[in-house]
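Colleague: Sequence:
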Amino acid sequence: MANATNPSNQAVFAMLPPIDDDMRSWAERLRQDVPGLDVVVAEDEAAATTAVARAEAAYGWVSPEQLPSARNLRWLQNPFAGPFPGYYYQGLIDHPVTITNPRGIYSDHIAHHILMFLLALSRGLPYWTQAQARGQWDRSVRKHGYVNVVGSVVLINGVGGIGSEAARLCAALGGNVVGVDPRPEHDSPAEIHPPADLDRLLPDADFVITTVPHTPETEFMWNAERFRLMKRSAYFINIGRGMTAKLDDLTAALAQGEIAGAGLDVFEIEPLPADHPLWRQDNVLITPHVAVADAVDIAERRYELLADNARRFLAGEPLRNVVDKARWY
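Counting along the sequence shown from 1, when you hit position 295 you're at 295 in our numbering, and nothing is skipped either side.
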């Protein structure tokens, strides 16, 4: 693993900013758990530029300005399954570095968040909680009938780790689960279709759940035309990325009754402005991008995946969760 900038027999692994306490502790653990790894913690951008020039592997992001010096870089661990816009740029896509991500570590937590939305919407919970806040005992406040999950059609757009776990839970409740995915990799009870079938499948769905990341192909895929294809009694749940759904089109579809309601954890604009009309839609459940917030086991899962890939890297074995850089996931 030695190179011109690191004549020792250790591979340089750079932890790139922004650095937090978890990453500092991971660096100490990696030094113990993965012998042969020279772990460098770059606390600021200046240190990161120096580290990238030496590193054979790194955790974080390499900027366009730093990339020309990354001549030794062969593996980059992306901290995010759905990274910030601009993480993947053409230079990084063209670079020979292999990029991996942490997909799979969130699947159970986010699937539970999906199920929370699905059950709450199916039973009319938004209307009952609003009546509770008013101290109103009124059995007629619900504006839409119950949707029995048993026998319902649950359409999951994106049947990766999260989508496949959500499919398992929905099928266990008696739902008929249909999936759309361009690259099915997981065992799932869902009947999987290619993305080209999405518009054909939408009119039959009682629940539409989207888990897909933000990519050039998925940006604003949920728009006025697609909402009009859905049943007026159907519910839309977005747990993937906000940039997949056009906010104005979704707001209009809800206000005009083109769909029955929505459960939303992610938004085109975050934070969602306090004066945005979605806050006052009585058929909408909103959580502020918290599907895995404060989940106590996520940091450990992230470390275990990182350490496993570090061992694989040193051994020359296939890495887990390799990204198709051109597709961003």
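Hint data in this document are derived by calculation from the structure and do not stem from the laboratory. It is possible that part of the hints are untrue.
Think about it this way: if two alpha-carbon atoms lie no more than 27 Å apart in a straight line, the pair counts; the simulated DSSO-like pairs of lysine-lysine are [as the list claims (entries may be wrong)]: (1) 143 / 231; (2) 231 / 246; (3) 231 / 325.
Colleague: Compare the structure with each hint and give your call.
Modeller: Status of the hints after comparison with the structure:
1. 143 / 231: holds, 16 Å
2. 231 / 246: Holds: residue 231 and residue 246 sit about 18 Å apart, inside 27 Å.
3. 231 / 325: The hint is violated at about 36 Å.
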